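Student: Sequence:
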Amino acid sequence: MTDGTDTETDRSPPETVDEFDVDALLERAGFDAETNVLTRRQAEVLALRERGMRQRDIADRLGTSRANVSNVETSARENITSARETVAFAEAVGSPVQVEIPAGTDLFDVPTLVYDACDEAEVKVQHTAPELMTVVSDAASDAVQGRAVHERLLIGVTDAGEVRVRQSTE
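Here full-length UniProt numbering is used: position 144 in the sequence shown is 144, and no number is missing along the way.
It is worth saying that the hints were derived from the structure and are not from the lab. Please read all numbers here as calculations on a predicted model, not as lab measurements. A virtual CB, placed ideally from N, CA and C, is assigned to each residue, including glycine.
Pairwise CB distance ranges, derived in the manner of DEER restraints:
no., residue 1, residue 2, range
1, Thr64, Ala103, 43 to 49 Å
2, Asp116, Thr39, 44 to 50 Å
3, Arg51, Asp138, 26 to 32 Å
4, Ala90, Asp119, 23 to 29 Å
5, Gly30, Glu120, 37 to 43 Å
6, Gly30, Thr64, 22 to 28 Å
7, Arg77, Gly104, 34 to 40 Å
8, Glu27, Gly104, 48 to 54 Å
9, Asp21, Thr74, 22 to 28 Å
10, Ala33, Gly146, 44 to 50 Å
11, Ala33, Gln167, 30 to 36 Å
12, Asp119, Gly30, 37 to 43 Å
13, Pro102, Ile80, 28 to 34 Å
Cut-off 25 Å, straight-line C-alpha distance, at most; resulting in silico cross-link-like pairs (DMTMM-like, lysine to aspartate or glutamate):
no., residue 1, residue 2
14, Lys124, Glu100
15, Lys124, Glu162
16, Lys124, Glu91
17, Lys124, Asp106
18, Lys124, Asp159
19, Lys124, Asp109
20, Lys124, Asp138
Please build the complete structure, drawing on both the sequences and the hints.
Tutor: Pasting the structure below:
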């Protein structure tokens, strides 16, 4: 059943990777090289790689070497990781609730510490105790092993109740 609003582009088969218009995708996605952590070339390479194009084919398309495409892709992925880290840091330190979890704390004690701090700030956490332990353990990586917190953590909870976990170096 159709509502009669199909257009020619709606019925056209999807582009193949070779025909893929990377410029159009970047424009639709609102890419702006002046405000983005990625260069235009990094964005182009990632767009093509995400559509399954091999580095060799991207190199041919862009008139460069496969090694250069590999370097551009690696730099792009590192920039994305850094940007995510920066956002996580900013959210953790800017959260209205911040709970320091000292090394040596039992992971099972963390939900109570977080819930108590959130109660004082009148912020509702979006996780049950078991979910919160999993979020903390997953986000803390090697800082939590089993039930033991081995490195000091900073847990931030946003106004919306979202939990951000950072390893603290103090």
